[in-house]
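Asker: For reference, the chains in residue letters:
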Amino acid sequence: MNYVHIVAVLAVIQFIYFGIMVGRARGLYDVAAPATSGHEMFDRAFRIQMNTLELLVCFLPALLLAAVYWPNAIIAGVGVLYLLGRALYSVAYTKDPSTRGLGFALSLFPTLGLLIAAGVGAVIA
Amino acid sequence: MNYVHIVAVLAVIQFIYFGIMVGRARGLYDVAAPATSGHEMFDRAFRIQMNTLELLVCFLPALLLAAVYWPNAIIAGVGVLYLLGRALYSVAYTKDPSTRGLGFALSLFPTLGLLIAAGVGAVIA
Amino acid sequence: MNYVHIVAVLAVIQFIYFGIMVGRARGLYDVAAPATSGHEMFDRAFRIQMNTLELLVCFLPALLLAAVYWPNAIIAGVGVLYLLGRALYSVAYTKDPSTRGLGFALSLFPTLGLLIAAGVGAVIA
Numbered sequence: 001m002n003y004v005h006i007v008a009v010l011a012v013i014q015f016i017y018f019g020i021m022v023g024r025a026r027g028l029y030d031v032a033a034p035a036t037s038g039h040e041m042f043d044r045a046f047r048i049q050m051n052t053l054e055l056l057v058c059f060l061p062a063l064l065l066a067a068v069y070w071p072n073a074i075i076a077g078v079g080v081l082y083l084l085g086r087a088l089y090s091v092a093y094t095k096d097p098s099t100r101g102l103g104f105a106l107s108l109f110p111t112l113g114l115l116i117a118a119g120v121g122a123v124i125a
Numbered sequence: 001m002n003y004v005h006i007v008a009v010l011a012v013i014q015f016i017y018f019g020i021m022v023g024r025a026r027g028l029y030d031v032a033a034p035a036t037s038g039h040e041m042f043d044r045a046f047r048i049q050m051n052t053l054e055l056l057v058c059f060l061p062a063l064l065l066a067a068v069y070w071p072n073a074i075i076a077g078v079g080v081l082y083l084l085g086r087a088l089y090s091v092a093y094t095k096d097p098s099t100r101g102l103g104f105a106l107s108l109f110p111t112l113g114l115l116i117a118a119g120v121g122a123v124i125a
Numbered sequence: 001m002n003y004v005h006i007v008a009v010l011a012v013i014q015f016i017y018f019g020i021m022v023g024r025a026r027g028l029y030d031v032a033a034p035a036t037s038g039h040e041m042f043d044r045a046f047r048i049q050m051n052t053l054e055l056l057v058c059f060l061p062a063l064l065l066a067a068v069y070w071p072n073a074i075i076a077g078v079g080v081l082y083l084l085g086r087a088l089y090s091v092a093y094t095k096d097p098s099t100r101g102l103g104f105a106l107s108l109f110p111t112l113g114l115l116i117a118a119g120v121g122a123v124i125a
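Protein chains in written order, with the numbering used here: chain Z, 1 to 125; chain E, 1 to 125; chain G, 1 to 125.
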């Protein structure tokens, strides 16, 4: 089992799920493509997807590079925090955007931790 | 020859090409930066680029992780389907957005197949 | 020392920095989420982030794949040009969008060079 690769695959699947939720919100709240705004609930789904896109392009390289230098299970464990943080972010943002802070922090900080681990690993290698 | 790496490079070049088409549409249809809307034909070019960005961040990790566990030529073959699907998506969306479904499916399903291949490979490794 | 991995980590950190600048611009120029437009200076910060996102998803795979085939220090050196080009792009775009061309070119061309290096490497491997 390569835990880190499993986490990487799950992070991509989670992002695809957020994309499906945007498509669903288009139908539910009548926001036809190519518009990317028009109903508060659609805007929330769209912002969840875009914010996750921005973080995913940081998380995946950080995760995979950190795993070059540190034990697979530990790095994967930090990656699981990211997955949980993003899930919480999505649920909280959908209910009430003002409560998104905790989920955002719980996905940003693991990403920063993995970046530091990757950077330190690359320097001392 | 590393076929998978060649497909990865071509997928990035295809995305850059879609970005150049957005720049060209800015000039042709008079949509000055930083606006990202304003003319139907510009909107189509911009949506092609953004939708490809969303899928590319899924496709590239899926492709490269699947290649860790499965034969290079087979994984690259699935990757070529993605390239053709995206090319069709771009041509169809530009002509008539309502016909974009086939090209979208032909690029999404190979990506999902690669994700599953990567996930299964990581679990049984 | 893995110079290429250090450059990859720095490129992600630079992108996160541009994201922080967008958050800061939201506060400074009073553009509340989920709006992504509303004040010229906010728009500049947002375009710097989005344009860097588009290029980062090209740069990171190009950098890491090129490093599979060519000497680590040379590939990392090209990657440093990208980092400097993006820094110049950000500073110039913030001051005066019409002067962003040089920084854009100095980050695009290293990315294209790395893509070619990765593609050639994958073909002759």
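Hint data in this document are derived by calculation from the structure and do not stem from the laboratory. Careful, some of the hints might be misleading.
Pairs involving identical chains hold if they fit within one copy or between any two copies, as the list cannot separate such chains.
Here are the simulated SDA-like pairs of lysine to any residue, each with C-alpha atoms no more than 20 angstroms apart in a straight line [to be verified]:
id, residue 1, residue 2
1, LYS95, ARG47
2, LYS95, GLY77
3, LYS95, VAL78
4, LYS95, VAL123
5, LYS95, TYR69
6, LYS95, GLY113
7, LYS95, ASN2
8, LYS95, ILE124
9, LYS95, VAL68
10, LYS95, PRO34
11, LYS95, TYR29
12, LYS95, LEU106
13, LYS95, LEU10
14, LYS95, ALA32
15, LYS95, PHE109
16, LYS95, ILE116
17, LYS95, ILE6
18, LYS95, GLY27
19, LYS95, LEU112
20, LYS95, ALA33
21, LYS95, ALA35
22, LYS95, ALA73
Asker: Using 20 angstroms as the alpha carbon limit, work out where LYS95 and PRO34 are close: within a copy, between copies, both or neither.
Answerer: between (25 angstroms within a copy, 14 angstroms between copies)
Asker: Classify it for me, LYS95 with VAL68: is the Cα-Cα distance of at most 20 angstroms met within a copy, between copies, both or neither?
Answerer: neither (38 angstroms within a copy, 40 angstroms between copies)
Asker: Quick one: LYS95 to VAL78, C-alpha cut-off 20 angstroms, is that within a copy, between copies, both, or neither?
Answerer: Intra 26 angstroms, inter 39 angstroms, cutoff 20 angstroms: neither.
Asker: Under a CA distance limit of 20 angstroms, which applies to LYS95 and LEU112: within one copy, between copies, both, or neither?
Answerer: neither (26 angstroms within a copy, 29 angstroms between copies)
Asker: At most 20 angstroms between C-alpha atoms: does LYS95 with ARG47 qualify within a copy, between copies, both, or neither?
Answerer: So LYS95 and ARG47 pass the 20 angstroms test inside one copy only (13 angstroms; across, 28 angstroms).
Asker: At most 20 angstroms between CA atoms: does that hold for LYS95 and ALA32 within a copy, between copies, both, or neither?
Answerer: between (23 angstroms within a copy, 18 angstroms between copies)
Asker: Within a copy, between copies, both or neither: which one fits LYS95 and ALA33 at a CA-CA cutoff of 20 angstroms?
Answerer: Between copies only: 15 angstroms across, 24 angstroms inside.
Asker: With identical chains, the pair LYS95 and LEU106 could be close in the same copy or across copies; at 20 angstroms between alpha carbons, which is it: within, between, both, or neither?
Answerer: within (18 angstroms within a copy, 34 angstroms between copies)
Asker: I want to check one pair: LYS95 and ALA35. Are their C-alpha atoms no more than 20 angstroms apart within a copy, between two copies, both, or neither?
Answerer: Between copies, since 18 angstroms is at most 20 angstroms while 22 angstroms is not.
Asker: Using 20 angstroms as the alpha carbon limit, work out where LYS95 and ILE124 are close: within a copy, between copies, both or neither.
Answerer: This pair counts as neither: shortest intra-copy Cα distance 44 angstroms, inter-copy 38 angstroms.
Asker: For the identical chains here, do LYS95 and PHE109 meet the 20 angstroms Cα criterion within one copy, between copies, both, or neither?
Answerer: neither (23 angstroms within a copy, 31 angstroms between copies)
Asker: At most 20 angstroms between alpha carbons: which applies to LYS95 and LEU10, within, between, both or neither?
Answerer: This pair counts as neither: shortest intra-copy Cα distance 23 angstroms, inter-copy 35 angstroms.
In the structure shown, a violation is registered for the earlier hints numbered 2, 3, 4, 5, 6, 7, 8, 9, 13, 15, 16, 17, 19, 22, in ascending order.
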